[in-house]
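> Mind docking chain L with the ligand on chain E? Use the hints.
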Amino acid sequence: MTETRLSLDLQADICWIPLVQGVVETGAPVMGLDPGKTLRLALAAEEFILHLSRTAPGTRLTLTLSREASSVSALFQFESSPEDLWAMNLTAASEISQDLDQGMAHMGLLLASRVADRFSIALSGRTLGVTLFQDIIYPDIEKAEVPSTPLRGTLSAQACSDPADISHACALTMALYPEPLYPKSFRTPGNIIDRISQGRFHAGLVKDEAGTAAGMICWQIPSRRTVEFYGPYLFSKGDGIAQLLMDHLINQVARTEAITLYSRAATPDLPPGNFEPLAALAYKQSNGQKETRTLWFRHLREDMGCPVWAHPVLGPFLKGTYDRLFLIRTIREYKDPGGGRPARSLLGTRLGADKQEAFIRPMLDGTDIRENIQRHIQLLVNENYLNLFFTMDLSIGWQAALGKDLTETGFEPAYVLPYAGESDKVIFHYVHPHA
Amino acid sequence: MSTLMLDRIVPRHIRNFEPYYPSKPDSVLMSLFGVERLHRLNNNENALGPPPAVHRVIDGFKAEMVPVYPNGDCFDLRDLLAAKFHKTQDQFLVGNGSCEVISSVIKAFCVKGDNIITADKTFAVYEWVAEFSGVEARLIPLKDFGFDPEAMLDAVDDKTKIIFVCNPNNPTGTYWDRDTMTGFLEAVDQRCIVVIDEAYCEYVDNPDYPDAMQLMETFPNVVTFRTFSKMYALAALRIGYLCSSPDVVDMVRRTHIVYSVNTPAQQAAAAAITDDRDFILATRKMVKEARELLCPFFDGLGIPYLSNQGNYMMVHVPLSDTLLYRMLMKRGVMVRTMTGFRFPNWIRISLVQAPVMTDFINAFREVLSTAQK
Ligand SMILES: Cc1ncc(COP(=O)(O)O)c(C=O)c1O
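Protein chains in written order, with our numbering: chain E, 1 to 435; chain L, 1001 to 1373.
With the rest of the complex left out, here is chain L:
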């Protein structure tokens, strides 16, 4: 009898990598925790749902369309994106969520022995993809909850291929203003690719917020990531994209899987950006109102929090975040624990409609008084 010698055939960096297990389906969680409704405040989703034009696309999608492959490289959508951002089609690459383009970029530029640079407390997928690809992830500690440009520059060496800047950062909501970003890009001086992940850019309306779409005109090494999961509420369809100078995109295209984006996703994304102004304003208003409810509430309790950009905020709770999670789940409220983001005893809450925020406030207050007994 022969046994499968996994030790011999699996590379060490894969064996040492900790697999990620996503949470169970809502229906399972609800039955486990014995609740009849669940407010999902854990994934920064847009609770308003997608713009009206998307409803029409989804409702009109017929079973007859299922046997046919989607367009392999999202031709129509790239056309629309090019027009919207005054670019050319060949500057865009669409993926099965922006997570997929993270992987394509790392594959295109890095081999074993190279490194990428990002922060220690940011969206984890840059670090994960690097690690399971055998590429070193240099994690620079945040400074005052924001990315630290000097320390990141100090970490660059001739093996550095990509720097990932999450702007605004998930989960702290901090961002580099235009001067900081421009100064950083000048100092990098085209030595490597700089990815600016703008997953939450549509939530920011500060005048000093830099737009990577413009920066790439001056700095051809800039790549921006955008997603339809956050503002446009298409998370279930899995669609996101990158945009950069044509030469950079031409390289990434080689490592990017074609046909990975399905037809309803392509059509819904196209519909979402066609007339998005009012929808974006309505979403921002909802987020602003949620902040106006939560900030005074936490102030009243003397609980520290970070309320910056994006459709989320972070709260430093006076007990273990994972215990708070379990207690809130018993009351039908799901938040994100931050220990896994290296912020022990912080939670992140998605900012949604006022009635749900009120439910959250009531559950939080109850849980706190139980825990403090």
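If we strip away everything but chain E, and leave its shape as in the complex, we get:
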């Protein structure tokens, strides 16, 4: 499957809505999106244009429809003030309904962000890029029968992209490991296979001489300098399978730009001596119990240190963490330079399936950010999300400055992910006040 894209230059005017609909409705199915999702993407695109036609008529914009790995997306690029995007906040609906006159203009944006599976926002100079995603639907598979044939001959590790091998390994993993220890997409391996074919996901298998799979390790590259892995998954008993998988993974990523290799859900088969414990998360489960999950990481090369921004309330946490991990950081206190701060902030929210977790990420700063965080907490808690996380990039001053707002609204710093941004990121976990 190759990357396909289609683009259109136009002006924000309702007269173009049928054309935009047409492009999405005929383009997205060619890129593999099913009819239901195509309609949703067309609706999201339509609402987006409608919003711009009302709030900034005549704005020149480019619409790019593209297929990437396991999703089809519509990207809108135009010059605008990012402040106008506040209605993409997960919490905007209640505000809009409270003040319909003022809110109507933003209704389109609200709908567009709700109808899409995900969205992202990027600001480059004055050009704003808003991407609305729809994920391709793949068929589910059943757990596999675990074979009892013994392994034969020497074992070796190799990169794997063969659809049948991947599918079978996913089915074996589902049979042998509990759910939180593998990505949800293992249930629909078509998704994994498409992402592997585009270099967005990677898998390594250990096989015996007869070609029987003895284990699998998977990884992806969420940011320039981090690699996140899943596994190791062992399909048979055998000495050294886990170490072979680990060596394969490390050797594949060792000569890349990545510095941090980590896992949020490594299996108990992780061989000792390769990783450092990053944190022990008290993860809340649906039965009300807390389960401790250990996060593991290692560096792939020498750490040369870097500066990080921080609000003083985070000082003790950061210093403690950096000392424990022997990481060299110059902690710089971020002082709000004052002035020029927009009124309205924007938070991006990624909702996990089964309401287990929700991830909040600050996208745009604004003087209302503390209230905005509170509104998000309230909405997600009311909807019974069990674990709320907030990611802060310590290389971005205004984000680092949120330390106080976060700790005062019930978040606690849970762990530092080294080099997840230009420098490190801190992941906060929400502690229910009544817990």
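FYI, nobody ran anything at the bench for these hints, they're computed from the structure.
Straight-line C-alpha distance at most 25 Å; calculated DSS-like pairs for lysine-lysine:
1. L:LYS1161 / L:LYS1107
2. E:LYS207 / L:LYS1143
3. E:LYS319 / L:LYS1024
Using the frame of chain E, we list chain L with the ligand on its own:
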């Protein structure tokens, strides 16, 4: 407003290449890690410093000499090298470190679509230069920590232009003896260039160690690389060279930048090789004594290691090598992590004077007991 369309003008193999970022200066590292001294055990440098004759050259180098270009192709030094190795001047090409001659050789023989063959776990620059030149690097897994001659021969095809053999290998210290090397060269049968990188040859005194300078008399496709950075301790001056048959050198000369080697480097190198016997013996003695300290130490801890040739050894540590690096740095000791050499959880240590090795041993012992808590 026009934007620079880097995607359009940068070739794919350059876009996909991961740039290498060297470590920060010692002074910066020392202040970051909060230490007052730093033992550099990461770059296989000769801690004894250069031979005495080099001190005189460097001390005598005057500011008045700076406006004048150096000799463009190291005339005097090549003269000396020719005399020392019983060759002719036109068999030598001197570069800004042997790294520069690696680049010249690949440029001279390879175009897009060609390949070079080397090992997966060896000095990385052969692989890097090939990749950013759009040339395929076929990386043959080591066998028992050494280059695997059969597997390398199996990988040769009509697009193979160069085979790089690092002898002794950095970082494992293994080497091919004379029979293995001769058998390999016969099997290659002049189909391509065979580079024998002898960066650490002066550290080897085993009688079965082959000398590429002699082999090239029988096998004109042999090119040897030598450097002044390792034994002769001129790493800061950046000077190394290649030697081969005159026809081969004549081709490489076309792709080799002239004037790349500065005057103090040329003069220091000349001084270094003029009377080097005692200096080499003293350095070998230091390396031997360092091994005699470290090997029993690691044996005592039950920690596996590789102690072969060269002025370095490799150790398989019971924790992440990169964590060990950070913990040792806090104690003023800098080692090389081996994950980037595709040896996860190994470190490489330069072998230097006994007091420094003792500091290393103490720091290592402390770090291990902290890590195992
Ligand atoms: C095997 C090998 N070849 C070549 C070099 C490069 O040496 P130079 O300093 O001459 O560029 C090194 C340096 O580490 C090396 O280990």
